[in-house]
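Peer 1: Please arrange chain L on chain U, whose structure you already have, making use of the hints.
Same order as they appear, the protein sequences are chains U and L. In terms of our numbering, the numbers along the first sequence are unbroken and rise by one, the last being 506. In terms of our numbering, the numbers along the second sequence are unbroken and rise by one, the last being 506.
If you are wondering where the hints come from, they were derived from the structure by calculation, not from laboratory data. Bear in mind the structure is a predicted one, so any value in this text is a computation, not a measurement. Treat the hints with care, since some could be wrong.
No distinction is drawn between identical chains; accordingly, a pair holds when it is met within one copy or between any pair of copies.
[Unchecked claim] 30 Å max Cα-Cα, derived DSS-like pairs, lysine-lysine: (1) Lys-497 to Lys-115; (2) Lys-180 to Lys-26; (3) Lys-259 to Lys-27; (4) Lys-22 to Lys-92; (5) Lys-259 to Lys-49; (6) Lys-497 to Lys-107.
There are 2 protein chains.
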Amino acid sequence: MSIKLSLKKKLDALFNPRSLAMIGASRDPMKWSSIVFSRILSGGYSGRVFPVNLKEKEILGLPAYASILDVPDKVDVAVICTPASTVGKVIHDCGQKGVEALVVITSGFSEVGREGALLEEEIVSIARGYNMVLVGPNTMGIYSAEPGLNCLMAPVSPLPGKVACVSQSGNVGTHMLFLGRTRALGFSKFASSGNEGDLVFEDYLEYFGDDEESEIITGYMEGVDPGSRFVEIARDVALRKPVIIYKGGRSEAGTRAAASHTGALAGSLDIFQGVLRQAGVISASSNKEVVELARTLELQPLPLGNRVGILTRGGGWGVITADACAEAGLEVVRLKDETLAGLDRILPSYWSRGNPVDMVANLSESAYIDCLKIVAQDPGVDVILALGASTEDQMQDIFQAAGRFGGLSSEEIQQMQESHEQATEKMIETIIALSREFNKPILSVGRPFLTHEWNSRLQMITEPEEAAQILAKMADYAKFRQSINSMV
Amino acid sequence: MSIKLSLKKKLDALFNPRSLAMIGASRDPMKWSSIVFSRILSGGYSGRVFPVNLKEKEILGLPAYASILDVPDKVDVAVICTPASTVGKVIHDCGQKGVEALVVITSGFSEVGREGALLEEEIVSIARGYNMVLVGPNTMGIYSAEPGLNCLMAPVSPLPGKVACVSQSGNVGTHMLFLGRTRALGFSKFASSGNEGDLVFEDYLEYFGDDEESEIITGYMEGVDPGSRFVEIARDVALRKPVIIYKGGRSEAGTRAAASHTGALAGSLDIFQGVLRQAGVISASSNKEVVELARTLELQPLPLGNRVGILTRGGGWGVITADACAEAGLEVVRLKDETLAGLDRILPSYWSRGNPVDMVANLSESAYIDCLKIVAQDPGVDVILALGASTEDQMQDIFQAAGRFGGLSSEEIQQMQESHEQATEKMIETIIALSREFNKPILSVGRPFLTHEWNSRLQMITEPEEAAQILAKMADYAKFRQSINSMV
Chain U
19 MSIKLSLKKK LDALFNPRSL AMIGASRDPM KWSSIVFSRI LSGGYSGRVF
69 PVNLKEKEIL GLPAYASILD VPDKVDVAVI CTPASTVGKV IHDCGQKGVE
119 ALVVITSGFS EVGREGALLE EEIVSIARGY NMVLVGPNTM GIYSAEPGLN
169 CLMAPVSPLP GKVACVSQSG NVGTHMLFLG RTRALGFSKF ASSGNEGDLV
219 FEDYLEYFGD DEESEIITGY MEGVDPGSRF VEIARDVALR KPVIIYKGGR
269 SEAGTRAAAS HTGALAGSLD IFQGVLRQAG VISASSNKEV VELARTLELQ
319 PLPLGNRVGI LTRGGGWGVI TADACAEAGL EVVRLKDETL AGLDRILPSY
369 WSRGNPVDMV ANLSESAYID CLKIVAQDPG VDVILALGAS TEDQMQDIFQ
419 AAGRFGGLSS EEIQQMQESH EQATEKMIET IIALSREFNK PILSVGRPFL
469 THEWNSRLQM ITEPEEAAQI LAKMADYAKF RQSINSMV
Chain L
19 MSIKLSLKKK LDALFNPRSL AMIGASRDPM KWSSIVFSRI LSGGYSGRVF
69 PVNLKEKEIL GLPAYASILD VPDKVDVAVI CTPASTVGKV IHDCGQKGVE
119 ALVVITSGFS EVGREGALLE EEIVSIARGY NMVLVGPNTM GIYSAEPGLN
169 CLMAPVSPLP GKVACVSQSG NVGTHMLFLG RTRALGFSKF ASSGNEGDLV
219 FEDYLEYFGD DEESEIITGY MEGVDPGSRF VEIARDVALR KPVIIYKGGR
269 SEAGTRAAAS HTGALAGSLD IFQGVLRQAG VISASSNKEV VELARTLELQ
319 PLPLGNRVGI LTRGGGWGVI TADACAEAGL EVVRLKDETL AGLDRILPSY
369 WSRGNPVDMV ANLSESAYID CLKIVAQDPG VDVILALGAS TEDQMQDIFQ
419 AAGRFGGLSS EEIQQMQESH EQATEKMIET IIALSREFNK PILSVGRPFL
469 THEWNSRLQM ITEPEEAAQI LAKMADYAKF RQSINSMV
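Only chain U is shown next, with the shape it has when bound in the complex (with noise of 0.2 Å):
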């Protein structure tokens, strides 16, 4: 199955247009449309720029022009911020000039009621009738890191990088954005899919399942048209690359209110989990989940199952661990005989001898990664959880109050840093390899280091009670490929 080529030659100067206008561009700092037009401006766009305004000469330094038609040059992308009534007009323009894709940020249509449904069906049929694709009305608009063009009302910028994201709400899709960005995150491309007038959430994912940018998809969604496509597409995508979706309008409160923001559809939502399932499509439980899970896909391997093996420096921390993987549906597994006597070779006599491993209070890093060898090993454990692996707060306390107990130089603490340093180094780099060798997720659950460098590299969760949901997530999703695949 492919996406209609006509459509993905839409979508691609949509997300990759060499030449942009923005329609209702203005000079007061505090209209929706300067904070857009400031953020492309600045967000350092590749493509040309031209402010269309009925009144102004020059906006931010660059030559504003009347209607699009004066645009002394192609352009690929018109943005619309003009009001609702005028917006017929403005996309009449638009076809005329040979505009291939509209971003419709004005709101006033289907949302407000029956007369703005009405208007909102005849600026989707002008539209198509100039073979424009459009994104909204009342969308917050796109994003797409190719050509560096942040079209966003929300006050974000992504980091660029391999998820792609789809979001029947602007709010909540740039709040997945903005966690991206705090999480070392990289988006390809993003949509606000607004009102949903002409492109519908399963054609940005359609397109996404095609895109070679887009490694991981992840959307936001309250409902779709029950004759849509929607699910033979996502099972589709799914096949290939993961699609995780937090789907809102779950309870009867929430279908209300979701009634009234999009017109998604009520009643049949225990029907809808089962279908995303069926699907293959992962169902995100918070904004923050959808990010952590598409951050820890990004960086390991799928598991071959569900069986977690769990490696931590105290002994609390264990328990709470083995508790949330049991909770999720992972198997704690009883650790091979070999395994148990590998880590008797490095452990005290005393250590509790089963899984988790408790390296009770050892803060050494080789002796870590033996371990954590050790487990990776093990040919029934298919994904670690690996508690513990920075100490480097533990040790950057040490290194100080060693200035102060004054028996060693200023050297000699600079040179036990940096020893520290190199071991965290090479655990963060046996970490990486050994998941690439066992082909084994290992996940880091701890405080985050405190250089962003490392924590870029590994993926790193402060509480193990949510390490635990996506270790499981990453397992489901893992047998669905594998049960279709067996099937093919």
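Peer 2: Chain L alone, transformed into the frame defined by chain U:
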């Protein structure tokens, strides 16, 4: 019910010692004893400190003594870090010296097997013979805000405050302190109860229950002796102040791990959860939730019921918040007609006229306050989730853009900034005042403010799913207090 005076006196000495001996202090900064000692000194402890070491004459600038018996002053608390085999003798000396309380950091007792268990019995009986209380052995230490005592193995400097904490895992407990620091949550007292050879979980709980410095009690526990007074103490304390416990060993895998960690008994997990609930203990589902719950309880009144009103600036946020509330067991009520009529006067005609109250991308601070007031006045609403209180990052972006647009002078922009700051300041004050006036918790959901001082005054939770769980647990606890008080 009240704590025995003799025990209270000893615990008073433990948490407010006028003097402290560090037995096994060393000059090697890599030793745990040095780590703890160094932290005591840098933590600003107000009492006198006496390092005890067989060989050294001076440690960290303080005169060292070969035995605690040589210390030329009264010693209230002895922190013991010497090898397990020497601890009995050291405790004898402490008893002779008239020490009141011991913190035995040394490990190698019941956690390592039968022989260690016998050794533990022995040292405990020596301590009891001298009428001393003993924390641990195998404790990660204690913290007490009043004397500025940071006697912890873990690299954390807790903020002083009103929350007490006792943990059957040093790692888990000190992680709560760490999380507290990141969330402006201060602690009054903390104990890592270690192997609980002498003082047990419920001793600390009872003491904190009577402690005027502690308004909220938190804890991590894996198990208690079936015959213990835990349940009656918990119930008694919970009637006076919130008791929030995170329970490890909920699953079979977790229980197995707990058995080898603290020796907690298995087999009655569901029963235990039920017991906690009947005792009015708030059961948390993660360390993070413990901290967020404590902070919310510190800043907000208890609700009168579970009927929630939701205020949001964006439709999608409203949907996921309504879902989260319903799933957490809150009732997303229909707002009263007067409330809707009041909101009609502020919001555009097409607003959804329901709960969540969607302000439809209105960024005004004064409109937000007006809407919040109207929702807070609704007699059918017990608790409020207020999303989007912070527009700070959006406005920062706008101010920057305003500079770029050039139409405004830097003075004008500064004026805009100041007036936005004043509006936010007023909003925060209004939220706090409204929640007091109507005796309803108003929990803000959104990205934290960029301003630290604002964050310290207003409880702001990033994800609505977490906020809903917290409000639901507060409502449950309030119900427990009401039901017991109405019986009396």
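Peer 1: So, for every hint listed, does it hold in this structure?
Peer 2: For each hint, the structure was consulted:
For the identical chains of this complex, Lys-497 and Lys-115 are neighbours neither inside a copy (50 Å) nor across copies (65 Å), given an alpha-carbon limit of 30 Å. In this assembly of identical chains, the alpha carbons of Lys-180 and Lys-26 lie at most 30 Å apart only when taken from the same copy (19 Å versus 59 Å across copies). In this homomeric assembly, Lys-259 and Lys-27 come within 30 Å of each other (Cα to Cα) only inside a single copy, at 21 Å, whereas the closest approach across copies is 64 Å. Taking identical chains as interchangeable, the C-alpha atoms of Lys-22 and Lys-92 lie at most 30 Å apart only when both belong to the same chain, with a minimum of 24 Å there against 86 Å between chains.
Proximity of Lys-259 to Lys-49 under the C-alpha cut-off of 30 Å is found in neither arrangement, the shortest distances being 39 Å within a copy and 49 Å between copies. Taking the shortest alpha-carbon separations for Lys-497 and Lys-107, neither the intra-copy value of 51 Å nor the inter-copy value of 59 Å comes in at or below 30 Å.
This entry does not satisfy hints 1, 5, 6, going by the numbered hints stated previously.
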